[in-house]
Amino acid sequence: SKGFMLNRSQFAGKQAPMCALGSPTEQQPPAVSFAPLQTFSEEEGMMREAVQKYARDCIAPYVSKMDEESAMDPAVIKSLFDQGLMGIEIDPEYGGTGSTFFSSILVIEELAKVDASVAVLCDIQNTLINTLLSNLGTPQQKEQYLSRLSTDTVGSFCLSEAEAGSDAFALKTRAEKHKDYYVINGSKMWISNAEHAGVFLVMANVDPAAGYRGITCFMVDRDTEGMAIGKKENKLGLRASSTCPLNFDNVKVPEKNILGQVGHGYKYAIGMLNEGRIGIAAQMLGVAQGCFDHTIPYTQQRIQFGQRIFDFQGLQHQISHVATQIEAARLLTYNAARLKEAGRPFIKEACMAKYFTSEVATLTTSKCIEWMGGVGFTKDYPIEKYYRDCKIGTIYEGTTNIQLSTMAKYIDKEYDH
Amino acid sequence: MSGRVLVGVKRVIDYAVKIRVKPDHSGVVTEGVKHSMNPFCEIAVEEAVKMKEKKLIKEVVAVSCGPQQVQETIRTALAMGADRGIHVEVSAKEYESLGPLQVSKILAALAKKEEAQLIILGKQAIDGDCNQTGQMTAALLDWPQGTFASEVTLEAGHVKVVREIDGGLETIKINTPAVLTADLRLNTPRYATLPNIMKAKKKKIANVKPADLGVELASKLQVLRVDEPPQREAGVKVESVDDLVGKLKEAGRI
Chain A
1 SKGFMLNRSQ FAGKQAPMCA LGSPTEQQPP AVSFAPLQTF SEEEGMMREA
51 VQKYARDCIA PYVSKMDEES AMDPAVIKSL FDQGLMGIEI DPEYGGTGST
101 FFSSILVIEE LAKVDASVAV LCDIQNTLIN TLLSNLGTPQ QKEQYLSRLS
151 TDTVGSFCLS EAEAGSDAFA LKTRAEKHKD YYVINGSKMW ISNAEHAGVF
201 LVMANVDPAA GYRGITCFMV DRDTEGMAIG KKENKLGLRA SSTCPLNFDN
251 VKVPEKNILG QVGHGYKYAI GMLNEGRIGI AAQMLGVAQG CFDHTIPYTQ
301 QRIQFGQRIF DFQGLQHQIS HVATQIEAAR LLTYNAARLK EAGRPFIKEA
351 CMAKYFTSEV ATLTTSKCIE WMGGVGFTKD YPIEKYYRDC KIGTIYEGTT
401 NIQLSTMAKY IDKEYDH
Chain B
1 MSGRVLVGVK RVIDYAVKIR VKPDHSGVVT EGVKHSMNPF CEIAVEEAVK
51 MKEKKLIKEV VAVSCGPQQV QETIRTALAM GADRGIHVEV SAKEYESLGP
101 LQVSKILAAL AKKEEAQLII LGKQAIDGDC NQTGQMTAAL LDWPQGTFAS
151 EVTLEAGHVK VVREIDGGLE TIKINTPAVL TADLRLNTPR YATLPNIMKA
201 KKKKIANVKP ADLGVELASK LQVLRVDEPP QREAGVKVES VDDLVGKLKE
251 AGRI
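Quick mapping for you: the protein sequence lines, in order, are chains A and B. Mind the numbering: the first sequence is residues 1 to 417 in UniProt numbering, read in order. Mind the numbering: the second sequence is residues 1 to 254 in UniProt numbering, read in order.
Hint data in this document are derived by calculation from the structure and do not stem from the laboratory.
Result set (DSS-like, lysine-lysine): computed pairs, CA atoms no more than 25 Å apart in a straight line:
{"#": "1", "chain 1": "B", "residue 1": "K54", "chain 2": "A", "residue 2": "K78"}
{"#": "2", "chain 1": "B", "residue 1": "K203", "chain 2": "A", "residue 2": "K53"}
{"#": "3", "chain 1": "A", "residue 1": "K379", "chain 2": "A", "residue 2": "K65"}
{"#": "4", "chain 1": "A", "residue 1": "K53", "chain 2": "B", "residue 2": "K34"}
{"#": "5", "chain 1": "A", "residue 1": "K142", "chain 2": "B", "residue 2": "K199"}
{"#": "6", "chain 1": "B", "residue 1": "K50", "chain 2": "B", "residue 2": "K112"}
{"#": "7", "chain 1": "B", "residue 1": "K113", "chain 2": "B", "residue 2": "K202"}
{"#": "8", "chain 1": "A", "residue 1": "K53", "chain 2": "B", "residue 2": "K201"}
{"#": "9", "chain 1": "B", "residue 1": "K50", "chain 2": "A", "residue 2": "K78"}
Far from chain A, by Cβ distances over 10 Å, these chain B residues were calculated:
{"#": "10", "residue": "R20"}
{"#": "11", "residue": "K55"}
{"#": "12", "residue": "I86"}
{"#": "13", "residue": "P144"}
{"#": "14", "residue": "E164"}
{"#": "15", "residue": "D243"}
Built from N, CA and C at the ideal position, the CB exists for glycine as well.
Work the whole structure out from these sequences, hints included.
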């Protein structure tokens with residue numbers, strides 16, 4: 001069977017996508033109309049394999065050191081760009097890969113199986129920064145930034161502040177209009193990728209009297225006078241991902257660096273976080289699966305009381321329970337991604353995916369340490385890092401409580417007559 | 001010279017997979033098992049693509065023999081930089097008995113048809129470990145061969161090949177057209193970047209039947225039985241040299 005390649009235009013407004021069947025390991029069965037969720041187009045399958053190999057060979061050797069030193073190796077970041085992983089959905093016209101959202105999700109999952117910090121760097125670039133530029137950028141802005149983002153420039157998204165986390169719209173960073181430029185004053189906190197970013201998308205308010213309707217998105221280049229990147233946080237997990245405070249002291253930004261419309265920043269932030277949510281779900285899925293993949297072989301080799309510990313019924317039941325949770329998390333994530341690609345409503349499902357996978361990652365990594373016993377507790381084995389890395393999943397890009405409240409709003413509407 | 005290089009790529013069980021023998025001992029389990037391009041074939045593709053990047057040759061054609069699934073392997077070669085592919089269709093049943101002699105005949109026929117300047121193959125496949133196809137292909141074509149290549153330099157009308165042999169390294173100079181087989185240290189194959197995977201979609205794979213090339217697939221070899229190697233047993237510790245000699249005599253080894 002030939003199978004056709006997926007591209008976004010095929011999905012706009014259509015029913016469930018028809019995908020070419022057959023993962024690389026299987027025989028090619030006849031194409032059916034309603035394929036299982038774990039069905040990839042040939043190109044998606046190839047990308048997944050390519051990233052698996054690349055992550056195993058080029059990232060895995062650095063993981064432990066990057067975690068200990070709390071620093072991302074520049075060689076790793078460069079290789080992400082060289083592999084085309086930083087511009088997955090960007091048009092080849094701008095040096096990107098020209099692939100789909102679902103491909104990004106698969107890439108993030110595969111990277112997270114090896115290192116959650118590398119995965120989040122790739123996730124933020126693809127699902128937040130590139131998406132905003134591609135959707136909102138003027139031809140000049142795209143010309144100026146998209147080819148840099150796909151080839152050598154990391155981007156950072158700056159929304160949160162010390163007093164504005166879940167209550168994002170309470171942000172206080174101010175942008176004052178002067179003729180054809182704005183002056184930004186304020187501080188941001190918890191900004192990922194800040195250490196390596198060349199461009200920052202900064203949410204600032206041009207009109208505090210208008211409340212959140214004054215929030216505007218500014219593109220600020222690194223090294224702009226007045227912008228200072230603070231010392232990175234010393235974190236429990238995701239240590240190789242730099243998380244820094246930013247300070248803006250009379251930072252001049254030209255008007256042409258506004259992304260989209262003045263006062264519409266809040267809309268863009270919400271819209272983009274809805275998609276980013278699925279990316280984080282993919283990251284948490286990778287953390288859970290990667291941890292699980294390291295643990296099961298150990299349970300098959302470890303002998304106690306004359307048998308493999310895997311053969312004890314108590315272990316088997318726990319393992320099967322966790323495997324089921326991971327499978328469910330995978331299906332939620334893949335389905336949310338396919339819904340978005342199909343142009344169908346997906347926000348409730350995206351919230352469910354992020355909420356559920358972050359909880360599953362927490363359960364899985366915790367159980368994996370137990371199954372590994374004493375060695376699971378040591379840094380000689382990779383398990384404890386997955387355990388530390390997963391915790392942020394229930395917190396960033398919308399806490400679990402925020403996800404649940406958002407879902408409730410949709411459920412309320414569904415039953416509203 | 002045509003500037004065209006033919007590269008053979010074989011789809012094999014992935015090197016990291018634990019091989020299991022079928023219960024009926026007719027072969028190994030392949031269904032549902034992860035397959036990849038033979039690692040030595042990857043090295044062959046990389047060498048050909050590098051030659052093209054250096055503008056020493058004009059076109060890289062990736063060839064694979066087998067059932068439908070081998071198209072994935074050809075696509076991987078395309079994603080690494082090959083220009084087009086040829087899928088020589090062999091049914092699953094016939095594939096079970098397809099060996100180096102038939103593949104060599106196919107490659108020889110294709111090389112003539114495509115007017116190839118070079119054929120580059122992996123030195124052997126990690127499933128059969130035959131290490132015969134390159135040599136047989138050269139013999140059928142009456143072309144020179146540079147096997148176990150760890151360094152290849154293409155010059156006008158000939159190739160300089162550094163070969164890994166038992167005694168060390170041997171450098172030979174052979175005329176083109178020629179057959180080369182890649183050894184481990186020839187190069188480090190590139191990863192298929194995502195943009196190249198996308199570009200590979202547009203590249204063509206032609207379908208050809210062995211009969212069209214005048215090749216008979218019937219094999220003169222028959223696999224009687226496949227068994228796992230004997231389980232490795234624990235050794236025995238001895239206290240002295242006399243003990244050692246005694247035990248070896250007991251086991252009939254000396």
